[in-house]
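Undergrad: Heads up: the sequence lines are chains Z and D, in that order. Reminder that position 413 of the first sequence reads as 1589 in this note's numbering, one-by-one numbering, no gaps. Reminder that position 175 of the second sequence reads as 1351 in this note's numbering, one-by-one numbering, no gaps.
Calculated from the structure, these hints are not laboratory results. Keep in mind that a hint or two might mislead.
So, partial list: chain D residues that the calculated Cβ filter (under 10 Å) puts toward chain Z [unchecked claim]:
id	residue
1	Arg1185
2	Trp1420
3	Gln1585
Covered, in the sense of this in silico footprint (three residues per stretch, anywhere, with C-beta under 8 Å from a C-beta of chain Z), are these stretches of chain D [as the list claims (entries may be wrong)]:
id	stretch
4	1210 to 1216
5	1479 to 1490
6	1565 to 1573
7	1606 to 1615
8	1658 to 1669
For glycine and all other residues, C-beta sits at the position ideal for the given N, C-alpha and C.
These are the residues of each chain, in order.
There are 2 protein chains.
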Amino acid sequence: MGTDASGGRPPYRQELTPVHFLERSGYVHADRIAVVDGERRYTYREWRARSRRLASALRAAGVGPSDRVAFCALNSEPLLLAHFGVLQAGAVIVAINTRLTASEVGYILRHCGATSVFYSPELEPLLAEAPVGLRRIDIAREFEDFLATGSEDPLPPLVEDEYQPCAIDYTSGTTGRPKGVVYHHRGAYLNAVAMALDMRMDSQSRYLWTLPMFHCNGWTFTWAVAAVGATSVAIPRVDPPAIWRLFRTGEATCFCAAPTVLVMLANDPAAARLERPVRVFTAAAPPSPTIIARVEELNFELEHVYGLTETYGPFTINVAPPGVEGLSLEERARLRARQGVPNLLAGEVRVVDEQMRDVPADGRTMGEVVMRGNVVMKGYHDDPQATAAAFRGGWFHSGDLGVMHPDGQIELRDRAKDIIISGGENISTIEVEQAVVSHPAVMECAVIAIPDDHWGEVPKAFVTLKPGRSLTAEELIAHCRTRLAGFKVPKAVEFGELPKTSTGKIQKFVLREKEWAGQERRIH
Amino acid sequence: MGTDASGGRPPYRQELTPVHFLERSGYVHADRIAVVDGERRYTYREWRARSRRLASALRAAGVGPSDRVAFCALNSEPLLLAHFGVLQAGAVIVAINTRLTASEVGYILRHCGATSVFYSPELEPLLAEAPVGLRRIDIAREFEDFLATGSEDPLPPLVEDEYQPCAIDYTSGTTGRPKGVVYHHRGAYLNAVAMALDMRMDSQSRYLWTLPMFHCNGWTFTWAVAAVGATSVAIPRVDPPAIWRLFRTGEATCFCAAPTVLVMLANDPAAARLERPVRVFTAAAPPSPTIIARVEELNFELEHVYGLTETYGPFTINVAPPGVEGLSLEERARLRARQGVPNLLAGEVRVVDEQMRDVPADGRTMGEVVMRGNVVMKGYHDDPQATAAAFRGGWFHSGDLGVMHPDGQIELRDRAKDIIISGGENISTIEVEQAVVSHPAVMECAVIAIPDDHWGEVPKAFVTLKPGRSLTAEELIAHCRTRLAGFKVPKAVEFGELPKTSTGKIQKFVLREKEWAGQERRIH
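Pulled out of the complex, with its shape left as it was, chain Z reads as follows (with noise of 0.2 Å):
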């Protein structure tokens, strides 16, 4: 299997890239059903034809190498195909997240640079501030048109360097714009291995996509579920009984999903206990016991892990000590709520000073999280500044703020940085925060997350008015809504004074210390 040409490489030199685990796959596991979505399914031998096809399509279309392929798509096996097939064709995908609004799409397909977008036809008002001349195919009438130009025959290696981007993925940052996160083909497949032997997929496994794709590229499990010969299950929204009837006939083993999702499939009323277990990835937020104890009497098999975009998704995983299963559920609980520790393939993490010294490893003393390792983005695309900034000492500062335990594990207590997770997507609260002073009646405001049942964390304002205006909360979040994603339109307004400094600087921590009273730490 494979091509004549060395290329003058010794044989021990093989660049490490996940277009390889489909080129492998498609002989390995060839009969094996690769992907299911709706009515549709392939094998993996079909799969990879498809994959190539894509690729040789993409460079007949002129797409050369590094250039930019975007996807304004739903979770769907268009979607997941070009995890290989643009890399195969030596270019990046960038996935863009749904969620956001025609304007921040338009200024994501500018900054990226992107010459061909491919999406959903749902999604179609997504691209209304698009640029102009950017070739547009819609994923359900033209794909397969598009895919018929392409061939079916190996290409030759277009990845020659494994530390060549794969994909951009863009992150809400804190200063309102989205910056696009640079991943490389060797970090993809080095996540992507540790994703296979967390989740403990093989060839039986069954991963469904609850999980948005254009999230950390699944959390690198678009091309974890391939390297292992698993299924993919791509379903275009959570549709909790539609889901349980997967996990009950075995359509389904694994999956990734945001506490909010956890919570809602948990408690549907399609929810019971299922003879085999399914084993299930959360994030952006600690396990509660209630969701521990309800999880564990349905059978899932719940793993806590913790990432950023700039880390392909999960860095970390929590890891129980020995002999954690005769604790209580409350202590159980209080352990898992914990990051953990880095997962085998990930790298370093560290919990450090304002002068990148270790704090005490004692579970009390707070400081950075900061990571370093093959899991760690090459960088902010077109933006070495905010580059050097994460990268300051040698370590990608998190912006997150945590404490060491005795034990190596990471644990949370707040973030830096001004970001809300809300249903698992990222808000950044500067950006709330200038969509709501630009209403004329505004004089100043401070956004903030508040703890929510089922989102985790919404965004609450805060704000003073001009003298002499009036405005009801009911009218400000109308004109959010106009300038806003949905999910980052503040859920609650609360009028009056902000708590200040002397010199005149709005203190959150007061804000947040009334909003998260009792709480024992201020993210959920």
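Assemble chain D onto chain Z, guided by the hints.
TA: Frame of chain Z, contents of chain D only:
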């Protein structure tokens, strides 16, 4: 966790090295047992401290970067520890095959240029021809004192390049002189992860050391076990009743074994069906239908793997197609006799003709098995000529002859090089022939492998005596015993004319035809 020194590297660059596995398990699996060796057992916390001690003691003793540190030792905790401590010192481990002669061990010690050798006291006679001035450390009496000269403090990372050598493994070449196969950190790391995946090991697993650690560094399980925080159970020799006790109590859950060892275990009076399955990797010869039936009866999960010293041990693994369970025993045995496909992290394998063109994937046309990828050796130590020959055309030439099946699995049929594999050990027929012809009564000879129920293959010598001389098989065997390691001595001798071509070349295939009549392939 980790030090502040970034060494000017960006945070996403971290060299792949198995040293990381123990540094990580030292806190992630701190309280789990890393190694059991007789009465001794160490947790990962303790064992990481021992590795750091060994590394710093070696540095203090003058061992510098890329220096070779030799071990002539039985399977034991010190030899296993050296797979981390020596590498952590930036040095290279040379684990010598303890079944060789003093002359061969002497050659290896000189050739690799080791400055120290650690040895099991019972193997001291093997050092009779060791170079003068070599530092010797008796691992039974002096190892703990040596460790005591080191420190448990974290070491600065001494692996500056993942392609830096980490081990040299000597193999019997066709020239009769052992060749030093150089492994690099990246290959060792990646193959160890592949072994962990394919063996399905996790922190609950207990790996039994039936396979010698000097065989391709235990097929990289020396590193794989520590990667996942599993337990290594070291045993100095294969003692079937003791091993069955370990299986029954759950003290051993997986192992690797040459077919000889597997047959020995399966036929032992203590053999009885296990309640919990035990996973086992076997290589060197396809498992027979008899052994497949027997291991299924005993509740072993048998995996058939294939590789060479030059590929860090297992490169391919037999992957069962869907539905194999329903087939007859004979049919399953036929499918499982295939050497299979490259493991997930290995790379590519082809079967080629002399012009490096792929033979048809028809399961019939023979060609040479060639490989490339991250788990191919870096080259032969101090032997650029042999390296260039092995790497011609950009692929590693295995010297094994086989076929490619339509499903992409390879199957060996014969060996191009004159290698006999007996009880898992490689024997060069040329070396045996040199020993035979060194007898003054012998005119010429040819040595081939013949099938053997216990050892798989054993060497047989076909001998023509000088005119007027006489010699018995027993006398010739006794003579060989003075020149060869025991396992290389011919087990059978036949006197008479040798079949030759018109140009006088000995036709070994004629001899093989006769000895292997009725067998489907020429390896056993």
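Undergrad: The structure should be examined with respect to each hint, and the outcome stated for every one.
TA: Checked hints:
Hint status for Arg1185 (chain D): holds, given a least beta-carbon distance of 7 Å to chain Z, under 10 Å. The interface hint given for Trp1420 (chain D) is broken, as the beta carbon of that residue sits about 26 Å from the closest beta carbon of chain Z, more than 10 Å. Interface hint status for Gln1585 (chain D): upheld, as the beta-carbon distance to the closest one in chain Z is roughly 9 Å, under 10 Å. With 0 residues having a Cβ less than 8 Å from any Cβ of chain Z, the stretch 1210 to 1216 of chain D misses the three-residue criterion, and the hint is violated.
Residues of the stretch 1479 to 1490 of chain D lying with their CB closer than 8 Å to a CB of chain Z number 0, which falls below the three-residue condition for coverage. For the stretch 1565 to 1573 of chain D, the proposed coverage by chain Z is satisfied: 5 residues have a C-beta within less than 8 Å of a C-beta in that chain, meeting the threshold of three. With 0 residues having a Cβ less than 8 Å from any Cβ of chain Z, the stretch 1606 to 1615 of chain D misses the three-residue criterion, and the hint is violated. Given a C-beta distance limit of less than 8 Å, the hint that chain Z covers the stretch 1658 to 1669 of chain D is violated, as 0 residues qualify and 3 are needed.
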